[in-house]
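Here is what each chain is made of, one letter per residue.
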Amino acid sequence: MESREHLWHYSILVLVVLVGLFGVAVFKQNPSARFFSIFFSVVGYVLWGAWHHYIEHRFSWVVLSEYLLVALVVLASASLILFPF
Amino acid sequence: MRPIVKIIIPREPYNRRAATLSHEALFLYATFIFLVQFSLSFVALKFPGVLGFASNITADQIIGDTNNQRLANNLPALKLNDELSRAAAAKADYMFKNDYWAHVAPDGTTPWKFILDAGYRYVYAGENLAKDFQSSDDVVAAWMASKMGHRENILNKNYTDIGVAVVNGTLGGFQTTLVVQMFGSTSASLASNEVSAAPASKSPIPAAPAPQPAKVTENISPQVNPSPAPGVTAQPSPVTVTQASSSRSVPVIDVISLAKTVSYSVGFFLLSLFVLDGLIVFRRNVVRISGHNGAHILMLLLLLGSTFLLSPGVIR
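Here the protein sequences come in this chain order: S and R.
Throughout, this note's numbering is defined as the position within the first sequence, counted from one, plus 1037.
Throughout, this note's numbering is defined as the position within the second sequence, counted from one, plus 230.
Calculated directly from the structure, the hints in this document are not laboratory data.
Any given hint could be a false lead.
[Unchecked claim] One side of the interface only, derived from the structure: several residues of chain S facing chain R at Cβ under 8 Å:
#, residue
1, SER1048
2, ILE1049
3, PHE1059
4, LEU1084
5, TRP1085
6, ALA1087
7, TRP1088
8, VAL1107
9, VAL1110
10, LEU1117
[To be verified] With a Cα cut of at most 25 Å, we get these calculated BS3-like pairs of lysine-lysine:
#, chain 1, residue 1, chain 2, residue 2
11, R, LYS309, R, LYS387
12, R, LYS276, R, LYS490
13, R, LYS490, S, LYS1065
14, R, LYS387, R, LYS343
15, S, LYS1065, R, LYS377
16, R, LYS343, R, LYS309
Cβ atoms here follow ideal geometry from the backbone N, Cα and C, with glycine treated the same way.
For reference, chain S alone in the conformation it holds in the complex:
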């Protein structure tokens, strides 16, 4: 894949992460909204992973499960910091 196309793909992911952080910063008084901001970013990240590797012709279930497991770690941590008990 061309580096220009790679950069374009990564800009989408950066945007997804920034939207998540924006939601966390804005919804200060609403832990559920904060969690959903992170959740949607994480879903975006997994979909991005699947799409990016599909375009690269390198998609496999091993790759997808790696994205899913990192997503699980992030969601578990988000759940801990937002709803510690």
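Since chain S is already given, all that's left is putting chain R on it; use the hints.
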């Protein structure tokens, strides 16, 4: 040293990833975090009062910050009123005893009852609530940023007096700090305010009213909610500490610090591993079928950023 190197260097048995970044390891990290959360819930249920939010809030600072906001908006500073402070302390005590957190109690008791019981005959009155904050500045900043009427209470020109209670206790099994801020004005205080603000030649002030005000404005923050706060059980729990003027809460386990420590540890640990893994793979030109480290790093930055932005306090 050698075993440590083995688990952080990409290896054949783990799809050419470090053992610490294998699928099994990632699953273990997630399981560990869920176990921490489960343990906290268990401790909260079995040992009420052990978990809580550490805070260092003083009523003086709350009043000082509130008056600073008023002065910055060209409004006169509010005077500390003992009756309103007593009313605020009684309200906080009542919330702990009845295990709720709202302007109106489940039994229908309104904030105005506490104010009148304390002997303050108001013409205008208002109430702001906060809990789980760590500092006085954070509390007032959250009220000022609120679009639910808290800011309007702080900047209301009809108020002349203020009373604040900062009280530690156990609510729903968790040690927390409640902040009750009550505003008010009486006919007398409004009249004296007008006298001090008006030129000497102005016409006389109207006669003092009867003890029960004829026209009463009650201005609690718009969220008047008769149901208990979410996550708060209906069982009453004991008040562990009560102080009306200042409060420093130090629970056995500070939940927020613990959660942040776990989140930061896992986040930075994985971030370092992915960076190291990326560098090694790049230098050795390793070919493998795996996800992109850059994408994983971005996701971990989201986690670390969210942990950094975390502020536990809530207002009502």
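Right, here's what the structure says about each hint:
no., hint, in the structure
1, SER1048, "violated, 11 Å"
2, ILE1049, "violated, 11 Å"
3, PHE1059, "violated, 10 Å"
4, LEU1084, "violated, 11 Å"
5, TRP1085, "holds, 7 Å"
6, ALA1087, "violated, 10 Å"
7, TRP1088, "violated, 11 Å"
8, VAL1107, "holds, 5 Å"
9, VAL1110, "holds, 5 Å"
10, LEU1117, "holds, 5 Å"
11, LYS309/R x LYS387/R, "holds, 13 Å"
12, LYS276/R x LYS490/R, "holds, 23 Å"
13, LYS490/R x LYS1065/S, "holds, 16 Å"
14, LYS387/R x LYS343/R, "holds, 23 Å"
15, LYS1065/S x LYS377/R, "holds, 12 Å"
16, LYS343/R x LYS309/R, "holds, 21 Å"
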